[in-house]
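Chemist: Here's the letter readout for the chains.
Number of protein chains: 2
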Amino acid sequence: MSQLRSVPTLDDVARAAGVSTATVSRCLNSPERVVEDTRKRVMSAVEHLGYTPNFGARVMAARRTFTIGAIIPTMENAIFARALQAFQEELHARGYTLLVASSAYQPEIEEEQIRSLVARGADGLLLIGHDRDPAVYDYLKSREIPVLSAWVYLPDTGQPAVGFDNRRSMFALAQQVIDFGHRRIAMISGITKGNDRAAGRVLGLRDALQANGLDPEAMPVIETPYGVENGADALRSLMQADARPTVVMCGNDVLAVGALRGAQDMGLSVPQDVSVTGFDDIELARIVTPQITTVHVPHREMGRKAAIALVDMVEKRSTGDVVELKSTLKIRGSLRDLNG
Amino acid sequence: MSQLRSVPTLDDVARAAGVSTATVSRCLNSPERVVEDTRKRVMSAVEHLGYTPNFGARVMAARRTFTIGAIIPTMENAIFARALQAFQEELHARGYTLLVASSAYQPEIEEEQIRSLVARGADGLLLIGHDRDPAVYDYLKSREIPVLSAWVYLPDTGQPAVGFDNRRSMFALAQQVIDFGHRRIAMISGITKGNDRAAGRVLGLRDALQANGLDPEAMPVIETPYGVENGADALRSLMQADARPTVVMCGNDVLAVGALRGAQDMGLSVPQDVSVTGFDDIELARIVTPQITTVHVPHREMGRKAAIALVDMVEKRSTGDVVELKSTLKIRGSLRDLNG
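Those protein sequence lines, which keep their order, are chains A and B. Read in UniProt numbering, the first sequence has 295 at position 295, and its numbers run on one by one without any break. Read in UniProt numbering, the second sequence has 189 at position 189, and its numbers run on one by one without any break.
Simulated from the structure, these hints should not be mistaken for laboratory data. Check the hints yourself; a few may be wrong.
[Stated by the list, open to error] To spell it out: a stretch of chain B is covered by chain A in this simulated footprint if at least three of its residues, at any positions, have a beta carbon under 8 Å from a beta carbon of chain A; those stretches are:
| # | region |
| --- | --- |
| 1 | 91-103 |
| 2 | 119-132 |
| 3 | 245-252 |
[Said to hold, decoys possible] What follows is a list of derived Cβ distance ranges for each label pair:
| # | chain 1 | residue 1 | chain 2 | residue 2 | range |
| --- | --- | --- | --- | --- | --- |
| 4 | A | Ala-241 | B | Lys-326 | 38 to 48 Å |
| 5 | B | Lys-326 | A | Arg-183 | 49 to 59 Å |
| 6 | B | Arg-94 | A | Lys-326 | 25 to 35 Å |
| 7 | A | Arg-317 | B | Asp-156 | 50 to 60 Å |
| 8 | B | Lys-316 | A | Ala-241 | 52 to 62 Å |
| 9 | B | Ala-93 | A | Pro-155 | 37 to 47 Å |
| 10 | B | Arg-286 | A | Lys-326 | 31 to 41 Å |
Yeah, the Cβ is synthetic: ideal placement off N, Cα and C, and Gly gets one too.
Please model the complete structure; the sequences and the hints are all you need to start from.
Modeler: Structure representation (structure tokens):
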């Protein structure tokens with residue numbers, strides 16, 4: 001039974017790592033004062049033996065677990081997968097382990113996961129976007145847990161981030177669409193409530209209509225969860241209008257792939273009968289026929305730079321900056337040039 | 001600075017939850033003796049305040065964190081995403097939080113993540129497949145951490161699992177392919193070393209050749225990491241042979257989608273010039289044209305049943321069973337019936 005399991009002591013760890021108990025203490029309390037090799041040997045003995053310091057008798061803040069937590073809205077459709085993979089590779093190179101939780105786009109689940117990761121000793125957290133209850137940031141501040149956001153560039157929030165400007169990126173794509181002669185534009189957006197990336201993309205498209213003398217309020221917009229079936233349903237509904245759009249701009253590539261399938265189900269050709277655009281440039285966008293015109297997000301660069309920035313915050317070399325990365329347009333077969 | 005952060009006490013938790021300190025203790029040490037509502041209120045106060053019991057003075061085993069760890073080989077291509085989503089939903093319904101790590105198919109990274117999850121207090125672990133260093137199982141046994149595998153049914157190992165028979169599933173698909181008149185069969189497999197799912201699928205295909213009087217040793221097999229580009233490269237190389245295969249059977253849908261693209265790049269039509277099959281039935285398989293013939297894996301059922309089984313192990317209602325789920329064939333446009 002469990003009561004028979006012996007609890008490893010500081011002495012056990014010191015013996016296993018071949019160092020003094022003082023060195024083990026130092027590794028746990030002030031790791032920056034211990035050389036890399038020794039630290040790794042000691043931490044490996046700590047993990048191997050399952051030694052857990054007596055938190056009640058120590059100041060927890062000084063202890064470091066070399067674990068970083070990340071909470072992403074979804075693991076499906078691999079929207080966040082490539083960035084997360086690069087994030088993990090860079091953390092690994094710096095001696096940190098990544099634990100991930102997925103909130104299903106539900107703020108209350110995200111909050112639960114934040115508290116759980118903090119309780120499990122995460123040294124720092126990566127979150128997607130900034131749009132959440134301010135109490136969450138207060139809590140993390142009170143626990144002195146550095147937090148960095150990815151996927152957004154919203155410098156006015158004052159929150160550390162490594163990301164890109166969703167609004168400006170969608171503006172650029174919409175300008176290209178308009179330059180190609182499209183005037184009847186419809187949008188399939190992700191759910192904007194609690195999602196500043198989705199909201200920014202809708203604003204960017206409206207900005208572009210306005211800047212080109214079109215009425216942003218007249219544009220049909222359907223909000224729906226990110227999912228292939230949802231994109232297909234939304235496209236069918238948009239194409240039942242009297243004045244069909246010539247282009248359906250989607251909040252991400254998953255919706256765009258769905259829109260493509262919805263059009264095919266209706267016997268419509270893309271881009272001859274209707275053009276479709278996406279956002280993200282995930283692998284899906286190049287697998288379908290025709291390939292999807294989209295905004296390329298620098299997934300791997302974002303993941304790598306976020307890891308560097310967050311470790312700098314955890315190791316107190318930085319209090320966190322706001323870093324903007326560039327997105328680029330990928331014009332592919334799903335968008336028709338009406339001038340051509 | 002960090003030294004100013006006050007450490008919450010048992011009294012703080014009791015006050016916040018509106019219960020006695022004895023009840024808090026009971027929640028931490030014998031949660032099964034506390035009614036659900038009270039336990040949730042206390043655990044929420046524990047997480048909210050960031051209370052950490054004095055491990056040194058307790059028997060750690062009796063403590064439960066209501067955190068489950070899962071380590072999957074990759075987050076890319078969403079191979080494991082749907083099952084993991086169902087796993088998490090079921091855990092959430094039972095009051096557990098899921099933390100995920102991704103090992104990039106590297107055993108040494110997986111080991112590091114196992115130790116980290118155990119050190120962070122995971123009550124139980126979900127792993128993919130059984131094929132790993134026995135020392136890992138010894139370690140988990142010595143720490144009394146229940147571990148359950150998914151994606152495999154290999155009862156001879158004696159390890160608890162909720163999965164399906166990869167070998168028998170691939171046998172069934174290969175039998176269908178042979179019934180459709182195919183004799184020149186080639187395979188694009190994932191890397192089989194350390195991956196009992198990939199290895200089982202190769203064996204299943206060889207079994208079917210043998211059972212039908214074909215020479216399993218004569219079948220061309222390319223092993224390559226799971227990736228769209230890898231599948232495309234492998235197909236091009238297989239199609240350069242003098243006697244081209246009439247069908248290329250792939251170890252999963254990601255490779256099959258790559259093979260499809262490789263064929264298209266060579267100007268070959270699927271299935272007129274060459275048939276392609278996959279395995280898993282992830283969303284990708286139905287998004288491409290033609291849709292991929294594949295083995296349907298019961299992703300959501302597997303995730304849900306794995307959660308139920310693992311929580312039963314953590315809460316000592318079970319020592320872990322070996323559960324077999326059924327896979328089914330999905331015959332779609334990418335496979336040509338040569339008799340027809």
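Chemist: Name the hints, by number, that the structure is in violation of.
Modeler: Numbers 3, 6 - these are the hints that the structure violates, sorted from lowest upward.
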